[in-house]
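Asker: Going down the list, the protein sequences come from chains P and A. Going left to right, the first sequence walks through residues 1 to 146 as my numbering numbers them. Going left to right, the second sequence walks through residues 1 to 930 as my numbering numbers them.
Don't read these hints as lab results, they were simulated from the structure. Accuracy of the hints is not assured; some may be wrong.
To be verified - Only pairs whose alpha carbons sit at most 25 Å apart, straight line, appear in this in silico DSS-like list of lysine-lysine:
hint: 1; chain 1: P; residue 1: LYS56; chain 2: A; residue 2: LYS215
hint: 2; chain 1: P; residue 1: LYS28; chain 2: A; residue 2: LYS140
hint: 3; chain 1: P; residue 1: LYS60; chain 2: A; residue 2: LYS23
hint: 4; chain 1: A; residue 1: LYS298; chain 2: P; residue 2: LYS43
hint: 5; chain 1: P; residue 1: LYS56; chain 2: A; residue 2: LYS618
hint: 6; chain 1: A; residue 1: LYS381; chain 2: P; residue 2: LYS43
hint: 7; chain 1: P; residue 1: LYS26; chain 2: A; residue 2: LYS915
hint: 8; chain 1: A; residue 1: LYS296; chain 2: P; residue 2: LYS117
hint: 9; chain 1: A; residue 1: LYS299; chain 2: P; residue 2: LYS118
hint: 10; chain 1: A; residue 1: LYS296; chain 2: P; residue 2: LYS60
hint: 11; chain 1: P; residue 1: LYS93; chain 2: A; residue 2: LYS23
hint: 12; chain 1: A; residue 1: LYS177; chain 2: P; residue 2: LYS29
hint: 13; chain 1: A; residue 1: LYS299; chain 2: P; residue 2: LYS43
hint: 14; chain 1: A; residue 1: LYS216; chain 2: P; residue 2: LYS56
hint: 15; chain 1: A; residue 1: LYS215; chain 2: P; residue 2: LYS30
hint: 16; chain 1: A; residue 1: LYS298; chain 2: P; residue 2: LYS60
hint: 17; chain 1: A; residue 1: LYS177; chain 2: P; residue 2: LYS28
hint: 18; chain 1: P; residue 1: LYS18; chain 2: A; residue 2: LYS556
hint: 19; chain 1: A; residue 1: LYS296; chain 2: P; residue 2: LYS118
hint: 20; chain 1: P; residue 1: LYS45; chain 2: A; residue 2: LYS299
hint: 21; chain 1: P; residue 1: LYS29; chain 2: P; residue 2: LYS18
hint: 22; chain 1: A; residue 1: LYS30; chain 2: P; residue 2: LYS13
hint: 23; chain 1: P; residue 1: LYS60; chain 2: P; residue 2: LYS43
hint: 24; chain 1: P; residue 1: LYS56; chain 2: A; residue 2: LYS177
hint: 25; chain 1: A; residue 1: LYS25; chain 2: P; residue 2: LYS28
hint: 26; chain 1: P; residue 1: LYS43; chain 2: P; residue 2: LYS53
hint: 27; chain 1: A; residue 1: LYS140; chain 2: P; residue 2: LYS118
hint: 28; chain 1: P; residue 1: LYS26; chain 2: A; residue 2: LYS25
hint: 29; chain 1: A; residue 1: LYS434; chain 2: P; residue 2: LYS117
hint: 30; chain 1: P; residue 1: LYS93; chain 2: A; residue 2: LYS30
hint: 31; chain 1: A; residue 1: LYS298; chain 2: P; residue 2: LYS13
hint: 32; chain 1: P; residue 1: LYS117; chain 2: A; residue 2: LYS140
hint: 33; chain 1: A; residue 1: LYS23; chain 2: P; residue 2: LYS13
Unchecked claim - Selected chain A positions facing chain P (Cβ under 8 Å, derived; list incomplete):
hint: 34; residue: ASN344
hint: 35; residue: TYR347
hint: 36; residue: SER384
In this text, a Cβ means the ideal position worked out from N, Cα and C, and glycines have one as well.
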Amino acid sequence: MMQFMLLFSRQGKLRLQKWYVAHPDKLKKKITRELITTVLARKPKMCSFLEWKDVKVVYKRYASLYFCCAMEQEDNELLTLELIHRYVELLDKYFGSKAYFILDELVLGGELQETSKKNVLKAIAAQDLLQEEETPQGFFEDHGLG
Amino acid sequence: MPAVRGDGMRGLAVFISDIRNCKSKEAEIKRINKELANIRSKFKGDKTLDGYQKKKYVCKLLFIFLLGHDIDFGHMEAVNLLSSNKYSEKQIGYLFISVLVNTNSDLIKLIIQSIKNDLQSRNPIHVNLALQCIANIGSKEMAESFATEIPKLLVSGDTMDVVKQSAALCLLRLFRKCPEIIPGGEWTSRIIHLLNDPHMGVVTAATSLIDALVKKNPDEYKGCVTLAVARLSRIVTASYTDLQDYTYYFVPAPWLSVKLLRLLQNYTPPSEEPGVRGRLSECLETIFNKAQEPPKSKKVQHSNAKNAVLFEAISLIIHNDSEPNLLVRACNQLGQFLSNRETNLRYLALESMCHLATSEFSHEAVKKHQEVVILSMKMEKDVSVRQQAVDLLYAMCDKTNAEEIVQEMLAYLETADYSIREEMVLKVAILAEKYATDFTWYVDVILNLIRIAGDYVSEEVWYRVIQIVINREEVQGYAAKTVFEGLQAPTCHENMVKVGGYILGEFGNLIAGDTRSSPQVQFELLHSKYHLCSAATRGLLLTTYIKLVNLFPEIKTRVQEVFRADSNICSADVELQQRASEYLHLSKIASPDVLATVLEEMPAFPERESSILAVLKKKKPGRIPDDIRDSKSPQPTSTPAPVINNTTSTNSSSSADLLGLSTPPGNSTTIAGNGLLDVLGDLYTTSKISPTTVQQNNIKKFLFKNNGVLFENDLIQIGVKSEFRQNLGRIGLFYGNKTQFPIKNVHPELTWTELHKLNVQMKPMEPILEAGAQIQQMLTAECIEDFADAPSMSVSFVYNNVPQKISMKLPLTLNKFFEPTEMNGESFFARWKNLGGEQQRAQKIFKAQGAIDLAGTRTKLAGFGMQLLDGIDPNPDNFVCAGIVHTRVQQVGCLLRLEPNKQAQMFRLTVRSSKESVSFEICNLLADQF
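Throw the hints in and build the complete structure from the sequences for me.
Answerer: So this is what it looks like as structure tokens:
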């Protein structure tokens, strides 16, 4: 299963984190800091997987944003890469808001829940329909996901 | 100021843009503090806030939190939002709770109530919000509160698909936290049948759940194999248009395929039903065939998804390890990837091949790719890929290619990355030892290692070469000659000096015939390095010198000169000073006969697992292929040697042996003193940790360890350190006086019933224990036959003119004479079955001491003395162990299985051995201990 997912910028600024295992905040910060440094130090042509501590890290860079998943040993690396891609596609379709909600529709408890892009978007759209008013468009965008 | 976006929450948008406009960090903090004060006053104020306002403020708090500031209020308001009927308010409430909840118990009750309401909602989106929140929090309380609702949601016919999906994964999350919550019985079949669900999303989610359930209880969920194979078959044969939106870049349902292939890896190949097995083989063949088809898209997503399925299929084939043609096919496919353009694929192919190399069916096929792998090691740009290549070379190495692989690895070592050098050194050392047919080659390899990467050659590596040279007569002369040559290099690594010193000290005579390496030359060569070396190496060299004196009396005066030099005999290093002066005297007063006896050649080392292998295992648990794991060190030519009696006894690390610390007869007293200090330190730290004054003699805890405090009261503390080898044991007792006054007439006495089964000797000790002092007493024990009664010890003494007597059991139980035994599953079960007779087995069922703690149980078993064998029992919660009890009259092989039952909080312990009394005793010792 996935242990956690991090999104961070090329400057090393953390943009989104999602943990599927419980760690104290201090440890989370430590892991995040170390992992960001490790990943940023890698050159563009290097492979997207690395053995890091006891997890398998799969990462990919999209524009200036790094998407980084920590998986368990037996998990499938290539497909994790594609999970990231699917997430990016979804964000793409739905830019500017709700990175967390979309992630919740895609992955739950560290396991992939729904792979169909259409269905995820349908779920998100259904959520929107229920919103009596607009959500603040700039909310996450301003936070750096834009 | 930019225009306010969205007419939703104006205040929020203004706040965000204010923050964005802050010029400095300080300004930002100031703005945030102002806002926090504002929100706090709003929440505390008398005016009741409406839902919209609450939502707005909670949103602001969330934003502040996401900027990295701590939030310590607002939880209550967020919980209130949960019960709102408006979706946007509910959603913000859930978001806040998912991101910011800590297990604040008062709040959790309220949250749970709100979630319960939402779970019963007829609106699937509300239900899902609730499920997502449960999964995000995933606490024990959550598991207990929703143990009935969620399984119902999962299998009920009324539930919508999207809800089912979330319910499955939510249940999985809770199951991981709290495995008891899954109902058994008829639920099992209903859960398994989710694999047949028409909705692909539901199957995807359910497969993860089933995978976890299977891991816990493989037998109960066995039915899923047939269904999983059927489902997989339908997917792989589907064309990419069949599955519509579940096709990912022309690959039909890759995630589900991979999950199903993973699920099947929990079982051995389905042999009972040949139909299922055939169908699975067809699936795997199809996957291979598709890999050969031209790509339907140039996008990397297409090839990644396709190959992800392929790699998972290969994992399953390796796991099953039963279809030679599939294994070879896998190997060929991976071989193609080795020269693929994509770094990721090359990395994975190397990794996967590493597993293939350990299967007997595909080992040869892997070897065909040796050239490419060597190239990868040398040419890859990414160190993690080179690392994989090294791992693979290590795994594919056998007798036929060892020389070449070792040679290539040595060559590469000169330029290898610093981060992988140490591991490579270990690997080269192990391969050279394991596959050496000619031990001169082995010696060459190790000396080359020291030459090329001396800094990365750990102690274990050079200890090992010395052990092997000492144990193998035929290589000694060659070793002496080679180290002599090695030492002649203008710069040589200190490790070379160590090995050289040791070997010349033992076997220098074998090359002394040649004038180029006459005794004088040997000595001067070694001594020319002396000044550049660390104190430890100098100590070793001093021992070499005295050994040379014994071998070559003609250089005695020269050596004595060296001992007498101020820098040695008056060295600031006590160890060097002592060695120099003792050796000097030894060389002066001892007759040649005495010298020859004292400085006799080292006896052969006892055969043990290569300590290097142990280091490698520690560095990379789980990454050493099996066949290498079982490797045995080469047999010595001489008969097994007596165990080296190490008088220091406190730690039997081989370094002490090798550095010769214990060889000079004169200094054993000082060393005992050191040992004592160690123990003293230990005891004082222990007493600090547990300041309770009276610690009763708890013999049972010593079942799992050899050292600790045996007895303690206000007056006296008795510590124990013991070590065991075969059927012999040495026990050090440390009596410490905790008072300000002396304790007199200390007199320990031993009694035990089975005199003919156990022999224990107690060395005499000083009867007076001064205030605050500690004295040591040694005991030796020999196990003659298996015994059940541990000896009792009573200690009488006089304190303050009042006679006292205390008694305790000695921590000397049958399990101390265990030797752990490694074996694989096959031989374990074969032996297990052989030992099935009434007279051979013993069984007990007992209640757990508290909540079942698997990790704790594991630690205890590891300390018990048997080998814990992993991955043998199909149920991962069960423990199986193997060991041999050594007694003088016989050796008794012994197997053990401990099965925890978490639901009942019980354990079942079964012990089987060739001797009834042993089974019985081991079972007795362990019962009620977990």
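Asker: Against this structure, judge whether each hint is valid.
Answerer: Outcome of the hint check:
1. P/LYS56 <-> A/LYS215: Satisfied, since the Cα-Cα distance of roughly 21 Å is no more than 25 Å.
2. P/LYS28 <-> A/LYS140: Holds, at about 21 Å.
3. P/LYS60 <-> A/LYS23: violated (32 Å)
4. A/LYS298 <-> P/LYS43: holds (24 Å)
5. P/LYS56 <-> A/LYS618: Given that 25 Å is the threshold and the Cα spacing comes to 18 Å, the pair holds.
6. A/LYS381 <-> P/LYS43: With a Cα-Cα distance of about 10 Å, the restraint between A/LYS381 and P/LYS43 holds, given a limit of 25 Å.
7. P/LYS26 <-> A/LYS915: violated (54 Å)
8. A/LYS296 <-> P/LYS117: Given pair A/LYS296, P/LYS117 holds - Cα atoms ~20 Å apart, limit 25 Å.
9. A/LYS299 <-> P/LYS118: Holds, because 20 Å separates the two Cα atoms, which is no more than 25 Å.
10. A/LYS296 <-> P/LYS60: Holds. A/LYS296 to P/LYS60 sits at ~23 Å (cutoff 25 Å).
11. P/LYS93 <-> A/LYS23: violated (32 Å)
12. A/LYS177 <-> P/LYS29: holds (23 Å)
13. A/LYS299 <-> P/LYS43: Status holds; Cα separation ~22 Å.
14. A/LYS216 <-> P/LYS56: With a Cα-Cα distance of about 23 Å, the restraint between A/LYS216 and P/LYS56 holds, given a limit of 25 Å.
15. A/LYS215 <-> P/LYS30: violated (31 Å)
16. A/LYS298 <-> P/LYS60: holds (19 Å)
17. A/LYS177 <-> P/LYS28: holds (19 Å)
18. P/LYS18 <-> A/LYS556: It is violated: about 73 Å lies between the C-alpha atoms, which goes past 25 Å.
19. A/LYS296 <-> P/LYS118: Roughly 22 Å between the alpha carbons, so the hint for A/LYS296 and P/LYS118 holds.
20. P/LYS45 <-> A/LYS299: OK: P/LYS45 and A/LYS299 at ~17 Å, within 25 Å.
21. P/LYS29 <-> P/LYS18: holds (12 Å)
22. A/LYS30 <-> P/LYS13: holds (21 Å)
23. P/LYS60 <-> P/LYS43: Given pair P/LYS60, P/LYS43 holds - Cα atoms ~12 Å apart, limit 25 Å.
24. P/LYS56 <-> A/LYS177: Distance ~22 Å between P/LYS56 and A/LYS177 Cα, so the pair holds.
25. A/LYS25 <-> P/LYS28: Holds, because 23 Å separates the two Cα atoms, which is no more than 25 Å.
26. P/LYS43 <-> P/LYS53: Given that 25 Å is the threshold and the Cα spacing comes to 20 Å, the pair holds.
27. A/LYS140 <-> P/LYS118: violated (34 Å)
28. P/LYS26 <-> A/LYS25: Status holds; Cα separation ~22 Å.
29. A/LYS434 <-> P/LYS117: Judged against 25 Å, a Cα distance of about 53 Å means the pair is violated.
30. P/LYS93 <-> A/LYS30: violated (36 Å)
31. A/LYS298 <-> P/LYS13: violated (33 Å)
32. P/LYS117 <-> A/LYS140: violated (33 Å)
33. A/LYS23 <-> P/LYS13: holds (18 Å)
34. ASN344: Holds - the Cβ of A/ASN344 comes within 8 Å of chain P, reaching about 5 Å at its closest.
35. TYR347: holds (4 Å)
36. SER384: Holds: closest Cβ of chain P sits about 5 Å from A/SER384, inside 8 Å.
The earlier numbered hints that this structure contradicts are 3, 7, 11, 15, 18, 27, 29, 30, 31 and 32.
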